[in-house]
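Undergrad: Got chain A; can you put chain B on it based on the hints?
2 protein chains.
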Amino acid sequence: MPDPVCIVGGTGALGFGLALRLGRAGVPIVIGSRDTTRAQEAADRARGRIPGGDFSGHENSGAIQSAELVILTVPFRSQSETLTNLKPTLGEEHLVIDATVPLAAAVSGKATRTLGVWQGSAAQQAQEMVPEGVRVVSAFHTVSAALLTDLEHELDEDVLVCGNRREDKARVAELVDRLDGLRAVDCGPLEMARIVEQFTPLLISINVRNKVRAGIKITGLHP
Amino acid sequence: MPDPVCIVGGTGALGFGLALRLGRAGVPIVIGSRDTTRAQEAADRARGRIPGGDFSGHENSGAIQSAELVILTVPFRSQSETLTNLKPTLGEEHLVIDATVPLAAAVSGKATRTLGVWQGSAAQQAQEMVPEGVRVVSAFHTVSAALLTDLEHELDEDVLVCGNRREDKARVAELVDRLDGLRAVDCGPLEMARIVEQFTPLLISINVRNKVRAGIKITGLHP
Chain A
715 MPDPVCIVGG TGALGFGLAL RLGRAGVPIV IGSRDTTRAQ EAADRARGRI PGGDFSGHEN
775 SGAIQSAELV ILTVPFRSQS ETLTNLKPTL GEEHLVIDAT VPLAAAVSGK ATRTLGVWQG
835 SAAQQAQEMV PEGVRVVSAF HTVSAALLTD LEHELDEDVL VCGNRREDKA RVAELVDRLD
895 GLRAVDCGPL EMARIVEQFT PLLISINVRN KVRAGIKITG LHP
Chain B
715 MPDPVCIVGG TGALGFGLAL RLGRAGVPIV IGSRDTTRAQ EAADRARGRI PGGDFSGHEN
775 SGAIQSAELV ILTVPFRSQS ETLTNLKPTL GEEHLVIDAT VPLAAAVSGK ATRTLGVWQG
835 SAAQQAQEMV PEGVRVVSAF HTVSAALLTD LEHELDEDVL VCGNRREDKA RVAELVDRLD
895 GLRAVDCGPL EMARIVEQFT PLLISINVRN KVRAGIKITG LHP
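Chains A and B are the protein sequences, given in the same order.
Each residue of the first sequence is one higher than the one before, counting from 715 in our numbering.
Each residue of the second sequence is one higher than the one before, counting from 715 in our numbering.
This is chain A alone, in the form it adopts within the complex (with noise of 0.2 Å):
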């Protein structure tokens, strides 16, 4: 049986289709939400979607209470907002996957375009909230979360992981690798998430020209 996985903010596009994805690759998941109602919603429409799925929803603080790996898939908006409030629950058995993205749609700029992080990306700003110990790896920016949702879709693209601990970007691939048609690949430290959480500002641009949802692979790897 696979570790569960919780993902707060599980009840917005990427989230979600994460944790459909996930969900019918066996893993137990823990919908987390600001608000319990919308977390069970999203559990209930999880379960319609694959039937005999482990899906769960909680307030987000009891929600990581029952996973160690901790998806996060909000808004830049409330990246910070919500790491503060995990703050007191966040420790050191946790694993945080950070898929923040610093668009400028935050401030009612373009999506096209990023913020500048003062710590250089979003996944560093969350490295630097949560309490010590806690590790953060930065994933899942490139993946189309209408791609994920539409479940008869086969994926074929890459996941881009930054992180500073070998073993933890080697936890994130294998839940990668649980995924029909996704590869990880490891991008270096932590601080070329400020590259990678460039990319989906990219894709959307190559999107909105081509009619298409876009993803990224990375080519002359060793199959």
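A few chain B residues that face chain A, going by a derived Cβ cut-off under 8 Å, partial list only: (1) 915; (2) 928; (3) 930.
No lab work stands behind these hints: they were computed from the structure.
Every residue gets a Cβ at the ideal spot worked out from N, C-alpha and C, and that includes glycine.
TA: The following block gives chain B in isolation, referenced to the frame of chain A:
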């Protein structure tokens, strides 16, 4: 007969690799260098690799007088000086294809990090520096110089193109399409170069980790 292409910085690794591949595809190549002798030596070397290829070598200013398409493949350290020197010779007929990446290596920093460029990107710096009426398109940042130079290697990756005019990007795409295994992807206006230029340090980070020559491919596009 395709239009000739001038490669300013064609004695460097990326410029020479592009010269070889384009020359093999039948494009007349003018290699530009600050030093005429080095430019001519590079043209001789290219002719040795591609018998029958149309290669010549000139000092930069002379070189760009024989081609409307100018690919700029100089280190970031030299970009500004090179453009200042080219200014009197650049005219409205020219389309500058900038491949400059502001790697921190320019100031003895890491090749997995970049410098902040006041204008947003090296390409936007180039656009600010060229005379009124000269258009700049950004491209060719993510293709490995070593793989271009290894003519046995079958390329299979994308060239991410940013620019403000659709016609200019179409002209660059036409050039890219001459190269087997490369596909041009329109990434939006020139300002998106600030994102695309970051891909090079990320690929360098992936290369170091995996002992490969990685490239980028955008998934989900119509074939």
